[in-house]
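Participant: Could you put together the complete structure from these sequences and hints?
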Amino acid sequence: MAGDGGRLLFSLPKEDRILALNLATGDIEQVRRYTGKTTAVGFGADGRLYGCQPGARRVVCLEADGSMTLPAERLEGLVHNHPDCLTCGADGRIWFSDVRWEGRDSGLFPQLGYSSVLVLEKEGRGPWHLRRASCDPRIPGALQISADGATLYVASNPWQAGSKSEVRAYPVDADGRLGEPSSWLELATGRQGRETVTAMALAQGGALLLAVSAASGGEGALLVVDADGTRRAAAYVKFKPTSLGFAGRRLERLFMGSEDGRLREIHDLGLNGWSARPERPDADAGPRRR
Amino acid sequence: MKRDFAQESFLKIAPDSLEAEVVAEGLGLCEGPVWVAGAEALLFTDLAADAIWRWRPGSGLEAVAQPAGRPNGLALDHTGRVVVAGWAARSIWRINQDGSHEVLVATFHGVRINTPNDVVVGPDEAIFFTDPSGGLFNPGMAGDDLQRYLDFDGVFRLAPDGELTLLLDDFVYPNGLCFSPDASLLYVDDTRRQHVRVFEVGPQGSLSEGRVFFRLVGDEPGAADGIKVDEEGNVYVAGPGGIQVCDTSGRLLGRMRLPGHVTNFGWGGDDWRWLHVTTWSGVYRLRLGIPGLPTGTQAWRT
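Residue numbers (the working numbering), protein chains in the order written: chain A, 1 to 290; chain B, 1001 to 1302.
In short, the hints are calculated from the structure, not lab data.
Backbone N, C-alpha and C fix where the C-beta goes; we use that ideal spot for every residue, glycine too.
It is possible that some hints are incorrect.
[Said to hold, decoys possible] Examples of chain A residues lying across from chain B (beta carbon under 7 Å, computed):
1) A56
2) R57
3) S67
4) L70
[Claimed, not checked] Just the calculated beta-carbon pair ranges, DEER-fashion:
5) A:D16 x B:P1160: 34 to 42 Å
6) B:R1081 x A:D46: 37 to 45 Å
7) B:Q1097 x A:D173: 51 to 59 Å
8) B:E1220 x A:D148: 49 to 57 Å
9) A:S67 x B:P1291: 44 to 52 Å
10) A:L12 x B:S1206: 35 to 43 Å
11) B:G1099 x A:G26: 53 to 61 Å
12) A:R104 x B:P1160: 40 to 48 Å
13) B:A1039 x A:P278: 52 to 60 Å
14) B:A1039 x A:L12: 49 to 57 Å
15) B:P1057 x A:D173: 51 to 59 Å
16) A:L12 x B:E1220: 32 to 40 Å
17) A:L263 x B:G1099: 50 to 58 Å
18) B:G1289 x A:D16: 45 to 53 Å
Facilitator: Shown next, in the form of structure tokens:
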């Protein structure tokens, strides 16, 4: 999901489409088709929309003119693995979890032997460059960069069964290099099995919003956690969240997508979201909520 | 070399002594083999290396074009110019006699076409090509614009005057295509449906409704891909396990089991009996019992 002024964009990879919810009217329109099964999307600091295409093993830019470009194709000359989630930094970097799919090496381009966090970056108007950012053995899942770019939060991938389910915090230096991570939040194993983070969003002020799903059953939760790891709020829901996103002119509205194919608005949290995308005049905002 | 599903008549095509000789190996995804008579050379594409290679017996490989827009199928027109199904380039382009590259078509009614896969030149010099969208989503095969614009995976005819006509739009993944020896029929295979359809060719290259001609057999690695006919009209198609051959009625005559994942093939040599076969990693050649159809300046001569 990604806020686009007066609209919320959300991707339906199985339908190969991106739809937009008009926040003022409640209407839904198709804004993109033939998306290449794009999953996670996010606006970069350059105002462009980036998306993960796990099947095609790339992160693409869905340009405003309707075209689709590829910022960088190879990691040190090799086709990387399957992008799972992405987060865009205010410095222009695009971080994404790049997951190796076990048992899927029969194609022309063998997968890399590891899963990791990769980063797309460029100097000024130069070409994009792809770099491996993390080197630890844990498979990355949902991720979120902090507003100041100094911390990258990375959740364990739900596919990595048997390992501790947690969110790790990586310090990020001025050159975009990751330091050693610390365990920022551990998730429980409840009556419905291991809980994992399926999506993240960042609120202004630094609090992290985590969509949590249990391994089995149909329940989940929304956690609000301050930057120091303190759990500020928790809301338990009877569905499995899959995506989170703020929208609105001031990113004042929070939405959650779920495994049952529904899009829900989360009310009364009193939080505004953060986005790397620069603010812009929005002609589509419609009347503000009071 | 192993053969299976073989009818007795298959021995005429693939005798007991048949062996696959290595032409080139250690390459990327090879495609589009076409023999250049007179130059005694084989041209083929290498999508991974983004090249069009020329191979001459005894001389090895040299690049004809690199980078080449990640090309796929190749054909020769009647003057011997190389016509390219420019897969990632999303166009049909040609290498002219002076070595220059010329884009022949890239749009249909102003909209960018998909990723042309294979190409053949008809007796009237029209260019027929398949245009599946799958190339837009293949890992490692990127171009400058990856967005699909057309709502179909088509088969087109590009007339000598530049007019582009959509002939077929109901394939799931149109891939290889070829004419019968008398050009009265056009065979087109569908990689997803794993079958070959045949169409009668009418005036101006128009096509009849068509019918399913052959369903590929086997569940080994491989899918319906390159397709050609020999001078007797037998139809050869790359598919599971290697190359499957059927007669003019669509009856399976046999299957040639080849190493690697076969993508395409084409006849060549002085007598047009050498079948050059491209795979995911290289090129082989086989000496078959029935010649194939000449290409380029020797094509369509009665």
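Participant: Need the list of violated hint numbers for this structure, in ascending order.
Facilitator: none
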